[in-house]
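Same order as they appear, the protein sequences are chains B and G. Counting along the first sequence from 1, when you hit position 75 you're at 1092 in this note's numbering, and nothing is skipped either side. Counting along the second sequence from 1, when you hit position 195 you're at 244 in this note's numbering, and nothing is skipped either side.
Don't take each hint at face value.
Restraint-style ranges between C-beta atoms, simulated for each label pair [unchecked claim]:
| # | chain 1 | residue 1 | chain 2 | residue 2 | range |
| --- | --- | --- | --- | --- | --- |
| 1 | B | LYS1041 | G | ARG185 | 34 to 44 Å |
| 2 | B | GLU1079 | G | GLY194 | 26 to 36 Å |
| 3 | B | ASP1032 | G | PRO157 | 51 to 61 Å |
| 4 | B | ASP1032 | G | GLN240 | 49 to 59 Å |
| 5 | B | LYS1041 | G | ASP317 | 34 to 44 Å |
| 6 | B | ALA1072 | G | SER242 | 39 to 49 Å |
| 7 | B | ALA1072 | G | GLY318 | 48 to 58 Å |
| 8 | B | ALA1026 | G | THR252 | 42 to 52 Å |
| 9 | B | ALA1026 | G | ASP254 | 16 to 26 Å |
It should be emphasised that the hints constitute simulated quantities derived from the structure, not laboratory data. Where is the CB? At the ideal position from N, CA and C, for every residue including glycine.
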Amino acid sequence: MSTQATEPAGGFAGDPAEAFNPPKAGGCCGSPATGTGPTGRQTEVCCGTAAEAQASGGCCGEAAKAEAVDSGAGCCG
Amino acid sequence: MTSVTGRPAAVAAGLSPQPAPMREVVEELAADRYAGRRVGTAGGRAAAAWLADLLREAGARVRLDEFPVTGTVREVYGVPTLSWPAGGTHALVFRRDFCEHLASADLPDPRTGRLSTMDDADLTGAWVLDGRYSPRRAEDAVTRGAVGILVPRDTDAAGWMPKMIAGPAPVALPVLAVRTDLYERMRTGAQGSTVTAAVPVRTVDVTGVNVHGEFRPPLGGLTLLLTAHFDGVGDDPDGLRFPAACDNAAGVAAVIEAARILHRVLPDGIGLGVALLDGEEAGATGSAWHAPTVEPGTLVINLDGAARLGQAAAVEAGGPAGPLLAALDLAGRQTGVPLRAQAMPSDNRRYAVAGLPAVGIGMGMPGYQTPAENPERVEDATLTVAARLLTATAVNLADGSNPRRPDPRR
């Protein structure tokens, strides 16, 4: 096994533990938000945080899912 | 400078992910014959069969596992229509100017009504413009005699309204989402004008099928499960294609390529399986079916989106995933892939809820759930780094080269 020095270009820039409770995203799964229409309003909210999803017993938070559906954008969960 | 202990996986393996076979998977799954791969359709089943053959050729023992999907899938079974003659728009364009609302009642035949708003005293026979839609307000509109509801919705940068299929129980009125600027024109010019609309949408109960490939049986030690969903939202009845190349043919391709490499290079005694999941677009129903059956302690890595990396890969962790996350972090540094904590509402959450260590990784979905999500939007470079990241993570876990770092959860 070798030891090498590399530029810190990859991996987490901050604390990896943040991945256990990441912030709610404007876009889904590594993509930016899709709502870039005339109002600039984000039309999908990526269906909530992991904690919200777990509390709802699904893959999406119940409130975030309802919000996404009501807005007309919909939710994957 | 940061000192990194460990080997880049490609070096460790003597093998590098190749873009060509991944590109073939993406183009195959995005082909017309699979019709967008919606769960419970002939196209979805055909895609599952093709993937099963592919895994067999790669050396896996393959099993197909069917499961029910009830009360969730909203199916557009005819082309919705909307016309507003007073606005000079006799035939507005479905998914450009308007689209179905997932809570809509079925309205197979066109219905004409005057335009109104919830502030009007009399909604009898009216299509109601409602910028604050909710199921409760829909109930109010029903009791006041409305015949339908129009809500505003923005488009993506290319002018599409991304398609979703997982919906709640429908309300009692047909509901359409109308492009925001058009909605505003309707609202300001509503007096005396009428619209005519049809919304042929229904809830269907279907059967999904997960594709499982066991490359190495679990032997009681470390077992890795790589997952990616292969389903899409399906083509529209008018033939409008939803190739679902980025979400998630690309993820499937990278997972299979990583498994091929790992099958050749992992030490004996380490279990390796692949689950290509159906029904993710219908509420992650495939993983919800599968997760409770997975051997406790199995390490799950889910990839959803591998088309355009951008600034960083999104990562969400769940369950007792500290060592898995540490191995992924190291792999990111070894391969030069930046990682960022970001919500990943995908199949990984089902495995985490089942108590398994699980991470979800996302590397972008340009054209998300629109006809523009075609194979040309999938970057070979992103496919390659996705497969490399998965491979490196697995190798780190297998050879124990992840550094002795504190469990990130503590």
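Hints versus structure:
1. LYS1041/B x ARG185/G: 34 to 44 Å: Taking Cβ atoms as reference, LYS1041/B and ARG185/G lie about 24 Å apart, which means the hint is violated.
2. GLU1079/B x GLY194/G: 26 to 36 Å: 31 Å, holds
3. ASP1032/B x PRO157/G: 51 to 61 Å: Cβ of ASP1032/B to Cβ of PRO157/G: about 54 Å, so the range 51 to 61 Å holds.
4. ASP1032/B x GLN240/G: 49 to 59 Å: The hint (49 to 59 Å, Cβ to Cβ) holds, given that ASP1032/B and GLN240/G are roughly 57 Å apart.
5. LYS1041/B x ASP317/G: 34 to 44 Å: 43 Å, holds
6. ALA1072/B x SER242/G: 39 to 49 Å: For ALA1072/B and SER242/G the Cβ distance comes to about 45 Å; the hint holds.
7. ALA1072/B x GLY318/G: 48 to 58 Å: Hint violated: Cβ distance 38 Å, outside 48 to 58 Å.
8. ALA1026/B x THR252/G: 42 to 52 Å: 47 Å, holds
9. ALA1026/B x ASP254/G: 16 to 26 Å: Between ALA1026/B and ASP254/G, where Cβ atoms are some 48 Å apart, the hint is violated.
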